[in-house]
Amino acid sequence: SIHGPDEERFIVTKIRESRDYSTNTIYWLGAQQDEGNQWHWTDGSLISYTAWITAHSKQTSSNHYCLSLQWTHSPSPILPSSMYWQPQECANVGGYICKKENQVSGSGLNLNGTVNGTEGRLTSPRFP
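In the UniProt record's numbering, the protein residues as written are 1 to 128.
Hint data in this document are derived by calculation from the structure and do not stem from the laboratory.
Cβ coordinates follow ideal geometry from the N, Cα and C atoms, glycine included.
Heads up, a few of these hints could be off.
[Stated by the list, open to error] Derived DEER-like restraints, expressed as beta-carbon distance ranges: (1) V93 <-> H40: 18 to 26 Å; (2) P75 <-> T13: 26 to 34 Å; (3) K100 <-> P77: 13 to 21 Å; (4) R19 <-> I78: 30 to 38 Å; (5) K100 <-> S76: 13 to 21 Å; (6) S18 <-> S81: 25 to 33 Å; (7) T13 <-> L79: 12 to 20 Å; (8) D34 <-> S74: 28 to 36 Å; (9) D20 <-> K99: 31 to 39 Å.
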C-alpha cells in the first residue's frame with residue numbers, strides 16, 4: 001500500500017536505481033479491483049492516496065485487475081514521462097513491491113535488497 005507522495009517517490013527511486021529496472025516491466029503494488037470497480041489494498045488499509053493517470057483507474061471488463069506501477073511516456077503536455085499507476089490483468093508477470101514494518105533497529109544495517117531469479121515461490125500475507 002502507498003499512502004502519500006513521499007512514499008511513492010521512495011518506491012519509484014528504489015525501482016529506478018535497481019540494476020534490474022526496465023521501462024518495459026510492470027511492478028505490482030498490492031491493490032485489486034473488486035466486482036464493483038472499487039480498488040482495495042490487499043493489506044486491508046484504506047486507499048487514501050492515488051497516482052493514477054487520468055481515466056485509468058476504472059476497468060469495466062470482466063477480467064481481474066491489479067494495481068501496477070509502470071513507466072509511461074508523457075500522456076499529455078502537462079504530465080512528464082514517469083512511472084504511473086495503471087490497472088493490469090492480475091495474470092500478467094511483473095515485479096513485486098513488498099512493504100513491511102522495520103523490525104530491526106541499529107546503524108550499519110542494509111535492509112534494502114532485490115531478489116532475482118526465475119524459479120521459486122513468493123508469498124505475501126493476505127494475498128490470495
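Could you see if the CB distance from T13 to L79 stays within 12 to 20 Å?
holds, 19 Å
Between D20 and K99, does the beta-carbon spacing fit 31 to 39 Å?
violated, 19 Å
Can you let me know if the beta-carbon spacing of P75 and T13 is within 26 to 34 Å?
At roughly 21 Å between Cβ atoms, T13 and P75 fall outside 26 to 34 Å, so the hint is violated.
If I claimed the Cβ atoms of R19 and I78 lie 30 to 38 Å apart, would that claim hold in this structure?
holds, 32 Å
Does the hinted range 13 to 21 Å hold for K100 and P77 at CB?
violated, 39 Å
Do the beta carbons of D34 and S74 sit within 28 to 36 Å of each other?
Taking Cβ atoms as reference, D34 and S74 lie about 31 Å apart, which means the hint holds.
Between S18 and S81, does the beta-carbon spacing fit 25 to 33 Å?
violated, 18 Å
That 13 to 21 Å hint for K100 and S76 (C-beta), does it hold up?
Violated, since K100 and S76 (Cβ atoms, about 36 Å apart) do not stay within the stated range.
Is 18 to 26 Å a correct range for the gap between the Cβ atoms of V93 and H40?
Once the Cβ atoms are compared, 22 Å apart, the range 18 to 26 Å for H40 and V93 holds.
Violated hints for the displayed structure, listed by number in ascending order: 2, 3, 5, 6, 9.
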